[in-house]
Structure formats: structure tokens, C-alpha cells
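Asks: These protein sequences, in sequence, are chains L and V. For the first sequence, the residue numbers in numbering that gives the first Met the number 0 are 0 to 196. For the second sequence, the residue numbers in numbering that gives the first Met the number 0 are 0 to 190.
Hint data in this document are derived by calculation from the structure and do not stem from the laboratory. Ideal Cβ positions, reconstructed from N, Cα and C, are used throughout, including at glycine. Hints are not guaranteed to be accurate.
Stated by the list, open to error - Pulled from the structure, derived: some chain L residues nowhere near chain V, Cβ distances all over 10 angstroms:
#, residue
1, D5
2, L54
3, P87
4, C88
5, V129
As the list claims (entries may be wrong) - Beta-carbon label-pair distances, calculated as ranges:
#, chain 1, residue 1, chain 2, residue 2, range
6, L, K21, V, W110, 48 to 54 angstroms
7, L, G78, V, T184, 24 to 30 angstroms
8, V, E98, L, F61, 23 to 29 angstroms
9, L, A33, V, G18, 54 to 60 angstroms
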Amino acid sequence: MSYFADVGALARKDLLLELRAKETLPSMLVFVIATLTIFHFALPRGTGHVAALGLLWVALIFTALLGLTRAFVAEREQGLFDALVLAPCDRSALWLGKAIAVFAFLVAAEVVALPAFAIFFSGLDGRTVVAVALADVGIATVGAPWPSPAGRGSCSCRCSSCRSPCRSWSAASAATCGSSRSTTRSSASWPGRRSST
Amino acid sequence: MIRGRGLAKRYGERLVFDGVDVDLDRGRLLLVTGPNGSGKTTLLRVLAGLAATSAGELELPARETIGYLGHEPLVYRELTPLENLTLFGRLYRIPERGERIGMLLERFGLWEVRHERVSTFSRGMQQRLGLCRVLLHDPSLLLLDEPSNALDADGLELLAGVLGEHHRAVAVATHDPRSVEPFATDRLAFV
């Protein structure tokens, strides 16, 4: 039980930090809405639903990347990895707590992004929503990196500002491949994009 | 508590220190001095198990018995002192942590500001909170990197109180040893 209490305390800490600092979620929301708006006006009329879904996935993966790269900012900038890894809790609790927080941020961003997509393009089906939710689980669990004592990730690049995006990009891409494929396959026969007036 | 023989640390081509022997037991205080960049912080990180040695043999105690204060106080700036200490108390499985946290906040003069965000604190108050954090689980090995940083006269007195406790082993790295010197039982000087 204490393992899950640790996870809960760590996830709660991340959500509290975001609630106060407001650094991650607002930028994710602005990015995803701006991207969908641009796609809405950039796509020619009659563009297929499959293409629109592809662009939804592009918007979501970059939004996720934004969230993932900021996931460990407090720990990295304030050296808190040192304090956390010395605690006797299981180190996987650090990862799971962070994954839960990242998942919450992604869901919050998509609560806005998916209705926006439905309005701008040709609606949404339940299958897409489920696929996005599953992709969120994949992105959060694979993208939230396992903390190491030195606070370093697995990317060979030594620059911390690009190490995290490198790792997050690989994780987010891998996690969304299956989901995006499942939505575009099932939606191949959908009608085209709504006309904008 | 700590036994180190022939410790060396290298970052790429750069040798930070070499051939360092360390023995540290309860009731002893090791004062590590030297100019900036001489390897004091690196040695403390090695002794905390946060960095690996490049050579040598090192015996360390279990990580839950270590209290480590780095250059930064290692607390979340957007949380309050109470929230920070509650989080670490939870992770360190401290029984009756409410009482322990209250006692430490009182001792370090932070009780009145326990509900205010750390980001609003002065550097000295943050350092006091950092000391509260490392003492929270009553560690038997205390590793302090420049602990007198930003502390005022009252803060230095509180630090002296911590260093004067004889039930733990302490290693202090500093370039200004005046406040720590009276308590030192062993010395290691980097040049």
C-alpha cells in the first residue's frame, strides 16, 4: 500500500506544481488549438477525413512532446533528482507518479483539442477517442523517463535541453504509431472535411 | 560508516581528484576544504552515492540513512515548507511525521511561514528549509555542501547546533571553513 501512497503523493505534487506555476498545460492548450486552427484553414475543401485524422495525430504528438519535455523541469532545474533518488521509496514510484501527472495533462489538453477537431473538421467517432486515450497511456508511461541517480536519460547527447526532447520524441512516436494507424484505417470511408465559410 | 580507499573521479580527460582515502564514523566530522572547482562537491556526491567513482573502493551506508544537502536546498519552490516536508516525510516513511515536521519548522524559525510558497523566501530561509529536509529522517550520515551559504547569524547558530550533535557522522564541504572548523575532527584539503 505504501508504494501506491508514494505514487499518489508524487503525482499530487506534480499536479499541485502545475496548478500553481501554470507552465505546462497552458502552453499545451495554446499549441494544440493553434495547430488545429492552422490546419483548418490550410487544408483545401474536400480533404478526406483520413488526412484530417492524420493531422490530428500530428497536433497531438507535438502537444504531448511539449508536455513531456517539461515533465522534469522542476527536478532538473532545482537539482531535486538528488533528493528524490536518495529517498528509500521504490524508484519506479518516481516514474509512475510522473506518468500519472503527464497523463492528466494530456487528457486535459485533449478535452479541449478533440471537440475543436470535431468542430473544425468532420466530427469524431468513439474509436478515435479510445485510440487517443490509449495513445495517452502509452505516451505517459513510455515518455516519462526512468530517473537515474545522476538525473540523466538514455540519449547519448550531453546537452540537457535536447536530451529530453530526443527521448520524448522517440517515446511519443512509438506510442502513437499503433493508435494513429487504427483510426485512419477505420475511417478510410468517412466523408470529406466540412466546408469553411 | 564510510570507508573509501584510493578514490578517484574523472570527467572525460579531466581528473577531479585521485587517491583520496576517507574514513568517517559516528561522532566524527570531516571538513573538506578547497577553492572553487577543486572537487569538494564531487567528493560529497560520490559519498552520497549520487555519482560513481572512476577508481577506488568505497563502502557506503544504506541510502535512507543519508541526509544530503547540495548547493541548492533541494526543495520545490512552488510548494510550501509544509508540503515539501510532508512529501519527503512520506517518501522516507517517517512515523508521526506531522510532529517531526512541526518540531523542525519551529527549530529553524519557519513555523510562521509554513503555508507560504518557498519561491517567496529569501535564499537564507530556503537554506534553512533545506536543513529541515535533510534532518527530517534523522540521518546517521549527514553530507552538507556549503551549508553556511546565505545563512544569517541566527542561521549559522542553528547550523552550529546541528554540527554539534554527536550521534551522526558528518562531512561538510566548504571554501569558507570558519563556522565549521570548531566542530571538525578530520580534515581533507583539496588544492
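Asks: If a hint holds in the structure, say so; if it does not, say that too.
Replies: Verification of the supplied hints:
1. D5: D5(L) is in fact no farther than 10 angstroms from some Cβ atom of chain V, at 6 angstroms.
2. L54: holds, 35 angstroms
3. P87: violated, 4 angstroms
4. C88: violated, 5 angstroms
5. V129: The claim holds: V129(L) sits with its nearest Cβ about 34 angstroms from chain V, beyond 10 angstroms.
6. K21(L) with W110(V): 48 to 54 angstroms: violated, 29 angstroms
7. G78(L) with T184(V): 24 to 30 angstroms: holds, 29 angstroms
8. E98(V) with F61(L): 23 to 29 angstroms: Violated, at about 48 angstroms.
9. A33(L) with G18(V): 54 to 60 angstroms: Holds, since A33(L) and G18(V) (Cβ atoms, about 58 angstroms apart) stay within the stated range.
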